[in-house]
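In case it helps, the working numbering puts the sequence shown at residues 2 to 267.
Hints are computed from structural coordinates only; laboratory data are not their basis.
Treat each hint with caution, since some may be false.
What the hints assert, rightly or not - Here are the computed lysine-lysine pairs in the DSSO-like style, where the Cα-Cα straight-line distance is at most 30 Å:
id: 1; residue 1: Lys196; residue 2: Lys105
id: 2; residue 1: Lys252; residue 2: Lys196
id: 3; residue 1: Lys252; residue 2: Lys105
As the list claims (entries may be wrong) - What follows is a set of in silico ranges between Cβ atoms, one per label pair, in the way DEER data are often shown:
id: 4; residue 1: Asp217; residue 2: Asn123; range: 19 to 29 Å
id: 5; residue 1: Ala66; residue 2: Pro23; range: 44 to 54 Å
id: 6; residue 1: His232; residue 2: Arg197; range: 36 to 46 Å
id: 7; residue 1: Asp166; residue 2: Leu133; range: 17 to 27 Å
For clarity, every value in this text was computed on a predicted model and none was experimentally measured.
Don't be surprised by glycine CBs; every beta carbon is placed ideally from N, CA and C.
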Amino acid sequence: MSEQNLPEVSRHEAHALAVSPPSLSGKTAFITGGGRGIGASIARRFAREGAAVCITYVTSSQEAASLVADIEREGGQALALQAEGADMPAIQSAIRLAAQHFGKIDILVNNAGILHVDTIDNFPIETMQRMLAVNVAGVFVAIQESLRFMPDGGRVINIGSITSDYVPIAGASVYATTKGAVASMTRALARDLGKRGITVNNIQPGRIDTDMNPADGPMAGRLSASIALGHYGEVEDVASLAAFLAGPEAKFITGANMKVDGGTSL
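Take these sequences, add in the hints, and give me the full structure.
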């Protein structure tokens with residue numbers, strides 16, 4: 002189509018676009034593991050889109066406090082609460098405190114997770130149990146508790162991993178198990194919560210430049226070779242999809258497991 006044939010945007014439409022409020026204006030988001038990395042990026046993006054955000058952290062208190070200060074400096078609302086991902090009462094308490102502080106929870110992002118890589122003959126049982134607690138049980142409990150304060154039409158966004166169905170390295174059996182469970186939980190809960198208009202989706206990042214798997218780390222060269230685009234992704238790549246899934250344009254998307262992996266799992 003030539004430029005001459007492109008439809009013009011009316012003055013009324015242009016004005017509407019210019020004054021449209023942020024897509025998450027008036028919403029409250031609860032983000033586990035939000036002190037740094039992907040969780041912090043999601044918190045910043047949600048705040049820019051108008052949401053009040055509550056993040057949890059375990060040890061990154063300085064990073065969490067800095068994030069809250071940055072959001073408040075830009076005119077947003079933010080709260081940081083300490084909650085260990087394997088401590089179910091702590092998760093429940095943090096969600097209740099956030100709901101009391103902001104009045105409701107419209108969006109839950111389950112981002113907290115831990116990783117340990119080892120072959121099955123060497124894998125410590127205690128580490129396996131802890132990974133199941135944080136990566137699976139903690140996700141379930143956070144959803145269960147958040148639903149008590151979530152209006153109809155809310156959003157649940159899990160942060161899983163492509164490892165749920167793509168395992169390029171040895172030693173990832175437990176991590177893959179936990180992320181496979183999150184993928185299955187996402188589909189099942191989408192069915193359970195559909196009657197309330199609550200969507201449940203799972204973002205499955207691939208190689209993203211984070212503290213857990215840095216783009217300049219010892220495994221980066223080998224892992225980058227498996228990425229179709231040839232390089233690691235950035236935390237903002239995940240945050241962009243999370244913001245879309247949290248917004249009004251994603252109201253008819255639920256039960257989806259969506260990869261952000263640069264073509265790694267092709």
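- Item | Straight-line alpha-carbon gap lysine 252 to lysine 196, limit 30 Å | 13 Å, holds
- Please test the hint of 44 to 54 Å on the beta carbon pair from alanine 66 and proline 23. Check failed, 24 Å falls outside 44 to 54 Å.
- Query: Using the C-beta atoms of histidine 232 and arginine 197, is the stated range 36 to 46 Å upheld?
  - Reply: Given a distance of about 40 Å, which is inside 36 to 46 Å, the answer is holds.
- Does the hinted range 19 to 29 Å hold for aspartate 217 and asparagine 123 at CB? Once the Cβ atoms are compared, 27 Å apart, the range 19 to 29 Å for asparagine 123 and aspartate 217 holds.
- If you draw a straight line from the CA of lysine 252 to the CA of lysine 105, is it 30 Å or shorter? 19 Å, holds
- Taken at face value, is the distance from the CA of lysine 105 to the CA of lysine 196 at most 30 Å? Answer holds: lysine 196 to lysine 105 is near 19 Å, not above 30 Å.
- Distance restraint hint 17 to 27 Å, applied to the beta-carbon atoms of aspartate 166 and leucine 133: Distance hint for aspartate 166, leucine 133 holds at roughly 18 Å.
This entry does not satisfy hint 5, going by the numbered hints stated previously; all others are met.
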